[in-house]
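A.B. asks: Chains as they are written, first to last, in the UniProt record's numbering: chain A, 1 to 426; chain B, 1 to 148.
None of these hints come from the bench; they were simulated from the model.
Yeah, the Cβ is synthetic: ideal placement off N, Cα and C, and Gly gets one too.
Please note that a few of the clues may not be correct.
Not everything, but these chain A residues come out facing chain B in the computed CB check (under 10 Å) [claimed, not checked]:
#	residue
1	18
2	63
3	82
4	84
5	87
6	89
7	90
8	123
9	125
10	233
11	417
In silico EDC-like links for lysine to aspartate or glutamate, alpha-carbon gap of 16 Å or less [to be verified]:
#	chain 1	residue 1	chain 2	residue 2
12	A	335	A	348
13	A	285	A	264
14	A	330	A	257
15	A	292	A	235
16	B	54	A	90
17	A	200	A	179
18	A	154	A	182
19	A	125	B	87
20	B	54	A	86
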Amino acid sequence: MIGLVDCNSFYVSCERVFQPRLRGLPVGVMSNNDGCVIALSTELKALGVKMGTPAFELQHLVRRRQIHLLSSNYELYGDMSARVQEVLQEFSAGVEPYSIDEMFVRFDGFESAQLLEHARQLHHKVRQFTGIPVCVGVAPTRTLAKLANRAAKKIATYQGVCVLQPNSRETQVLLKKIELGDVWGVGRRLVERLAVMGIKSAWDLAQANPKEIRRRFSVTLERTALELRGVSCIEMNDFDEARQRIMTSRSFGKLTDDINEIREAIRQHGQRGAEKLRRQNGLAKAVLVFLKTNPFREDLQQYSPSLVLELPCPTADSREILHTAGQALKRIYRKGYLYQKGGVMLLDLIDADRQQLSLLDTPQTDAERQRSAKLMSVMDELNSRMGRGTIKLGTPSPGAAWHLRCANLTQRYSTRWDELPAARAL
Amino acid sequence: MTVQLQILGRAVDAAPALALPYPLVLGRAGLSGFPSPAQDYEGRTLDLNERFVKRPAATFFLAVIGDSMIKLGIQGGDLLVVDRSIDPRPGHILVALVDGEITVKRYEIRSGQPCLCSGNPRYAPIPLENLDCQVWGVVRSVIHEYAV
Chain A
1 MIGLVDCNSF
11 YVSCERVFQP
21 RLRGLPVGVM
31 SNNDGCVIAL
41 STELKALGVK
51 MGTPAFELQH
61 LVRRRQIHLL
71 SSNYELYGDM
81 SARVQEVLQE
91 FSAGVEPYSI
101 DEMFVRFDGF
111 ESAQLLEHAR
121 QLHHKVRQFT
131 GIPVCVGVAP
141 TRTLAKLANR
151 AAKKIATYQG
161 VCVLQPNSRE
171 TQVLLKKIEL
181 GDVWGVGRRL
191 VERLAVMGIK
201 SAWDLAQANP
211 KEIRRRFSVT
221 LERTALELRG
231 VSCIEMNDFD
241 EARQRIMTSR
251 SFGKLTDDIN
261 EIREAIRQHG
271 QRGAEKLRRQ
281 NGLAKAVLVF
291 LKTNPFREDL
301 QQYSPSLVLE
311 LPCPTADSRE
321 ILHTAGQALK
331 RIYRKGYLYQ
341 KGGVMLLDLI
351 DADRQQLSLL
361 DTPQTDAERQ
371 RSAKLMSVMD
381 ELNSRMGRGT
391 IKLGTPSPGA
401 AWHLRCANLT
411 QRYSTRWDEL
421 PAARAL
Chain B
1 MTVQLQILGR
11 AVDAAPALAL
21 PYPLVLGRAG
31 LSGFPSPAQD
41 YEGRTLDLNE
51 RFVKRPAATF
61 FLAVIGDSMI
71 KLGIQGGDLL
81 VVDRSIDPRP
91 GHILVALVDG
101 EITVKRYEIR
111 SGQPCLCSGN
121 PRYAPIPLEN
131 LDCQVWGVVR
141 SVIHEYAV
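Chain A extracted, bound-state conformation (with noise of 0.2 Å):
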């Protein structure tokens, strides 16, 4: 049997650990530079204000204080997440995490009778030890673990702890009650398609052949179909996916067309890339750059290019991928627009350890990209030991459009010495 543990509104909780007046209260956190909502309380999702809102549309609740919002504060939300981890580690067979507010647990070796009183246990030494509310949901697949998480979340009378045995009436009326929509894997495209055969529930899906599933659609779904029959079949390996290729991004922190700008940000964001490539031992074939302008200003012209570039070889060598990002950027710059975001992606990725020599490649280019690994390594490790941006490859100006904007920025209470929450006088 596998667990699946869900903290719940797990940025918010994160804050309330340490701001206990901020519980019972509508509070959202915001994504980097304050955009959008990106994680809301159940209070504030009672508002009726969803994922993804513009925090401007918000900021008349702020200001009557009906609501609250924070800035990200990835230190602390990291930090709680390795503790939830750890706390489940030490209390279970072994943990799988799938996000930072998501993690697999095994569940091996429990007599059916006392998987439950296990599970239960579970969703309170967390809370306890970490102050984060979960749920957990226990299942044959991680699939159907999902699905049991979900009904833990949303249905009271588990109470935030539900345990699916194999082919239980439990798990067949749960199946039938759950649309396909919110089945794991299942995107909007596949609903509607499925409808066409009839499949409408998750019962009908798990009913389905999967011979049949897997000649009409794809290998995933045929596997989606078995893991609902409680087959296991889904490794976590296969979620690697995200691995495959490294995104840094943000929105300017306001609209501009300074092409100065615009490039220092670029390489800002290219740095990062490399730096996130060689740290998981990596190489680049190709690069991404793109920019866009803001889709909600009607008034403005619009324009959002992005090009790929392929690199000379692979690569984790910050200034060959500043280099191709920085042609790629000249190439779709245009003048006469006003960006509002821009980015680099780091595509194709390979393991460094498993790159295949080239006919190209010479003793001269091995020795060259020894000197290369060398100084990168030195580069990284100056970053990390004297803080970030400590060596940087050409020299952006300070109080640039793009830096991070952070106006409700909370302390990072569980990493830093000298980050004191605000003393409020009783």
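Starting from the known structure of chain A, arrange chain B on it as the hints suggest.
C.D. replies: Just chain B now, with coordinates in the frame of chain A:
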């Protein structure tokens, strides 16, 4: 009135162990070629995390503001090592949420009633009955730093 706390940081067991400023005796005895008997103990240092942080995932540091706990050995500016994994028992120093504020108190039973008490007679014990109060964690130790 009540003691206020400031949260400083967490204990990380992955953090580098900092050696205490006692020189390790690692030298060899003279030039005679006899190894020092201390050599077998090379690399052994004392790690404060190991001693004071029993459960890193549940341990948080908080800074004290206010003087209500002085009699109990907790002064303003002190650092509290708070472990959330402990179930509170009478006699424990607690960090608790009182009226939404993070406060430090001693958990006691007075004439059969559970109370939150301070070390200062000016502050009356707060009976836990009909009080909006939640335990945040149990204080395992207090760190007081001297100006040197």
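A.B. asks: Evaluate each hint against the coordinates.
C.D. replies: Taking the hints in turn, this is what the structure says about them:
no., hint, result
1, 18, "6 Å, holds"
2, 63, "22 Å, violated"
3, 82, "8 Å, holds"
4, 84, "8 Å, holds"
5, 87, "5 Å, holds"
6, 89, "9 Å, holds"
7, 90, "7 Å, holds"
8, 123, "15 Å, violated"
9, 125, "8 Å, holds"
10, 233, "32 Å, violated"
11, 417, "5 Å, holds"
12, A/335 - A/348, "30 Å, violated"
13, A/285 - A/264, "22 Å, violated"
14, A/330 - A/257, "13 Å, holds"
15, A/292 - A/235, "37 Å, violated"
16, B/54 - A/90, "13 Å, holds"
17, A/200 - A/179, "7 Å, holds"
18, A/154 - A/182, "12 Å, holds"
19, A/125 - B/87, "11 Å, holds"
20, B/54 - A/86, "13 Å, holds"
Consistency with the previously given hints fails for numbers 2, 8, 10, 12, 13, 15, ordered from lowest to highest.
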